[in-house]
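First to last, the sequence lines map onto chains A and B. Okay, so the first sequence: first residue is 1 according to the numbering used here, each after it adds one. Okay, so the second sequence: first residue is 1 according to the numbering used here, each after it adds one.
Please note that a few of the clues may not be correct.
Derived SDA-like pairs (lysine to any residue); straight-line CA-CA distance at most 25 Å [as the list claims (entries may be wrong)]:
1) B:K190 <-> B:K220
2) A:K251 <-> A:V25
3) B:K162 <-> A:L193
4) B:K83 <-> A:K188
5) A:K188 <-> B:F61
Rather than coming from a laboratory, the hints here were simulated on the basis of the structure.
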Amino acid sequence: MRVRPVILVPFLWLALFFLAPLAIVLRLAFSESAQARPPYRPVFAWADGWQVWLEKVKALGLSNFEAMLDEPLYADAFFSSVGLAAAGTLLVLLIAYPLAYAIARAPRDRRLFLLTLIVVPFWTSFLIRIYAWIALSKPEGLINHALKSLGLIDAPLPLFGNHLAIIIGIAYSYLPFMVLPLYATLEKLDWSLEDAARDLGATRLRAFWRVTFPQTWRGIIAGVLLVFVPALGEFIVPDLLGGSDTLMIGKVLWSEFFGNRDWPLASALAVMLLLLLALPLAVLRVLEDRRETV
Amino acid sequence: MHAKEGREQPPLVTIEHVSKSFGAVRAVDDVSLTIREGEFFALLGPSGCGKTSLMRMIAGFGEPDRGRILLAGHDVTHVPPHKRPVNMMFQNYALFPHLNVFENVAFGLREEGVAKHEIFARVAEALRLVQMQPFAERKPQALSGGQKQRVALARAIVKRPKLLLLDEPLAALDRRLREETQEELKHLQKSLGIAFLVVTHDQDEAMMMADRIAVMQAGKVLQTGTPADLYERPANRAVARFIGDTNVIDPEIRARLDGRALVAADGVAFEIHTGPARDFSLGIRPEKLRVLEPQGSIPGAVVIEGVVEQRLYRGDVTELRVRTAQHVWRVAMLNASRQSTFVPDVGARIEIAFSPHDVMVLPE
Chain A
1 MRVRPVILVP
11 FLWLALFFLA
21 PLAIVLRLAF
31 SESAQARPPY
41 RPVFAWADGW
51 QVWLEKVKAL
61 GLSNFEAMLD
71 EPLYADAFFS
81 SVGLAAAGTL
91 LVLLIAYPLA
101 YAIARAPRDR
111 RLFLLTLIVV
121 PFWTSFLIRI
131 YAWIALSKPE
141 GLINHALKSL
151 GLIDAPLPLF
161 GNHLAIIIGI
171 AYSYLPFMVL
181 PLYATLEKLD
191 WSLEDAARDL
201 GATRLRAFWR
211 VTFPQTWRGI
221 IAGVLLVFVP
231 ALGEFIVPDL
241 LGGSDTLMIG
251 KVLWSEFFGN
261 RDWPLASALA
271 VMLLLLLALP
281 LAVLRVLEDR
291 RETV
Chain B
1 MHAKEGREQP
11 PLVTIEHVSK
21 SFGAVRAVDD
31 VSLTIREGEF
41 FALLGPSGCG
51 KTSLMRMIAG
61 FGEPDRGRIL
71 LAGHDVTHVP
81 PHKRPVNMMF
91 QNYALFPHLN
101 VFENVAFGLR
111 EEGVAKHEIF
121 ARVAEALRLV
131 QMQPFAERKP
141 QALSGGQKQR
151 VALARAIVKR
161 PKLLLLDEPL
171 AALDRRLREE
181 TQEELKHLQK
191 SLGIAFLVVT
201 HDQDEAMMMA
211 DRIAVMQAGK
221 VLQTGTPADL
231 YERPANRAVA
241 RFIGDTNVID
251 PEIRARLDGR
261 ALVAADGVAF
271 EIHTGPARDF
281 SLGIRPEKLR
291 VLEPQGSIPG
301 AVVIEGVVEQ
311 RLYRGDVTEL
321 RVRTAQHVWR
331 VAMLNASRQS
341 TFVPDVGARI
351 EIAFSPHDVM
361 VLPE
């Protein structure tokens, strides 16, 4: 089959804005730290040519990666990130699913409006919204103040400067990324299937659980990936909402790059993170394919 | 014969003065009906006549605004669908795409909490009844339309409902398969002894399968009766028009006396029994009109002269359009033999005849 030239456009785009930066980061990860500007001495020089590169690959020093494994800080940051991102993703899912469901079952002419309501807050700068969230969630912030005035609480709720704040922050920031794929899946469903389930003796809830929910796996997986992956590397949310003790890989990356100016180590971290993310994705992909063929 | 049996059966579903509106539209308007045990009942009407709304209310989807629905003597008007001993076969079949054929059929039994080995036996039996056993492991997407229909049927009967609702059960099938399936459905219904309620817009389908038919139009039931009742004794003009072909004629009424009237069509007078009807038209089925052979005559028949305008050969019958003084009549001549019987040509001047007994009085 002849490949149309149009298809080259996305490939060029990917090569330029995805593969090239990735190559640069990879090269950085195998470089040595140096007191210079930029602060590294490359092992792989662009001028060497690939024969020399091949030699160098054989003699490659993995010092940056070894350093990463020696220092428990990085592993801790990674696992803590996974935990926080997972909790945040779960919270988004729990909020987004009923939302997407309600929108998908709303009258057709009202759906676009409701979807717009979900997306509208995202026309405001992300930073401003996070700052607004700080104002809301601080111990003397609007939420605590309101609850106190109503006499519902004595001491302010710990909504700021801790893990809970990060989880809520992630849930808030990534809501549309979960709602949209879920809506896209739900919107295509045939609702007479739920009627059929109820006719066969299922309550509304059972009908949802046994018929609708299993048909939305694809949307759930898409939404979880769209939220979990960026949440894992999230920097702004933990930096602004988290406490001084919160450890997230995005924050560590940032401080290695800009605090310690250890670019090679930071790049090695980034590469590691990418691998750790890509692996489960690949596994998922294979599982999906297998389910398709059954 | 079935109708006679049905008449002796106790009522299974009683619908009393049920009305239902959607916005400003009265989808179902003061409908009362009785469906008896073991009966094959059809709701027949054009799309939008309210037949589907009525059926959905019997299944429990949507409550009536007024009136009530009794099922086996219990008021189920406000009972949710999952608690009604009624199952439904949906128009698009509504098979669960993520479950295979076996699990689709087993769904209702699992919800009921039936024991595992019993589920297995009952699903196998239901699949055997519809000849879908070899396909138990297939997903619905891998089935043809006819096979899906069978699985949907198996899923609906496996719970042994008192009443099975079928929403346009054959609409998605091609003509050949539809005719086969009509007979199968009828046979299955009699052998299961479950009452069937079919919703259809297809009068042939209703006539073929049902013991009794309710003809609906604009939310109201126009007439309920056996197929023969509806065809030979339609209650009004709309039913006569909807069921089969009819020549509908506005007669000239010359005299009335004691439920009888002297009427004239195309200037030819004859006497008919009208009952209490004041305003009525007359209906004569095309196959009840006869073409007289030259110099022929039929004693007691009303004879009208006309010219053949059109001749349509349809295999079993040849249909003529005959223009008379005031009307165009449709006449169906049965092609009872391959030896050509007398069939007049277009343009021929002929006489058509009918017996006054075959004239249907159709109140407005």
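Outcome of the hint check:
Between B:K190 and B:K220 the alpha-carbon distance is near 29 Å, which puts this suggested pair outside the 25 Å criterion. For a cut-off of 25 Å, the pair hint linking A:K251 to A:V25 stands: about 18 Å separates their Cα positions. Proposed proximity of B:K162 and A:L193 is supported: the alpha carbons are some 22 Å apart, at most 25 Å. Note on B:K83 and A:K188: the hinted pairing is violated, with a Cα-Cα distance of about 28 Å set against a maximum of 25 Å.
Proximity of A:K188 to B:F61 is assessed by CA-CA distance (about 22 Å); at most 25 Å being required, the pair is judged to hold.
Violation of the numbered hints given earlier is confined to hints 1, 4; the remaining hints are satisfied by the structure.
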